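J.: Keeping the supplied structure of chain A fixed, place chain B upon it in accordance with the hints.
Residue strings, one per chain:
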Amino acid sequence: KAGVTQTPRYLIKTRGQQVTLSCSPISGHRSVSWYQQTPGQGLQFLFEYFSETQRNKGNFPGRFSGRQFSNSRSEMNVSTLELGDSALYLCASSLQQGGETQYFGPGTRLLVL
Amino acid sequence: QKEVEQDPGPLSVPEGAIVSLNCTYSNSAFQYFMWYRQYSRKGPELLMYTYSSGNKEDGRFTAQVDKSSKYISLFIRDSQPSDSATYLCAMSRNSGYALNFGKGTSLLVTP
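Note that the protein sequences, when read in sequence, are chains A and B.
Letter by letter, the first sequence follows residues 126 to 238 of my numbering.
Letter by letter, the second sequence follows residues 10 to 120 of my numbering.
The following block holds chain A by itself, in its conformation from the complex (with noise of 0.2 Å):
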């Protein structure tokens, strides 16, 4: 069975710039969370979607947001990027919402000029 698919794989963007990222989910899986990892606050848990509907969001501002689809597909997307983005984004998926066993893809590592 694939793993998690993340696209694309690395990014380089500057201020102001919005992006979105990409992930799939390991089929049959239903629920994607979005983390944000960085050295100095390690992984931080952005948003959860379940059934096309977010169920938990982190603490980031609303210039992060997200959405899925009808496939399970994600996309999450970052507006008027900061410096402070610069991160990799890592996505992982589960077959229950909030399911403990989740899978991570290998991440998007973006950075902001």
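Rather than coming from a laboratory, the hints here were simulated on the basis of the structure.
Any given hint could be a false lead.
[Claimed, not checked] With a Cα cut of at most 27 Å, we get these calculated BS3-like pairs of lysine-lysine:
id, chain 1, residue 1, chain 2, residue 2
1, B, Lys79, A, Lys182
2, A, Lys182, B, Lys51
3, A, Lys138, B, Lys51
4, A, Lys182, B, Lys65
A quick note: this is a predicted structure, and the numbers were derived from the prediction, not measured.
T.: Just chain B now, with coordinates in the frame of chain A:
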């Protein structure tokens, strides 16, 4: 103060050593405890999953949870160079709640 604390290391051990990795937490509501392994430039990989207190063993890996002390551990026996990675602890209150991660401990196993 973060809810989950983890010593970042780095921790360097010789091949064959027993490795002990630990996390402490402050939220007594946490019931689900996990350990992930993350290799450089890869996403975290689930190693162990434990519910509530107790021990769980899987091959060379043993996870321990002591809820009374709010302390969890991961032991790696007969460590191998391929175990060199960052180990992240994670925990959640219940199904349906987000995972709270430690910052990870960097482990280096030298041949």
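J.: Confirm or reject each hint.
T.: Comparing the hints with the structure gives:
no. : hint               : verdict
1   : B:Lys79 x A:Lys182 : 25 Å, holds
2   : A:Lys182 x B:Lys51 : 24 Å, holds
3   : A:Lys138 x B:Lys51 : 21 Å, holds
4   : A:Lys182 x B:Lys65 : 31 Å, violated
In summary, the structure is inconsistent with hint 4 from the numbered list given earlier, while agreeing with all the others.
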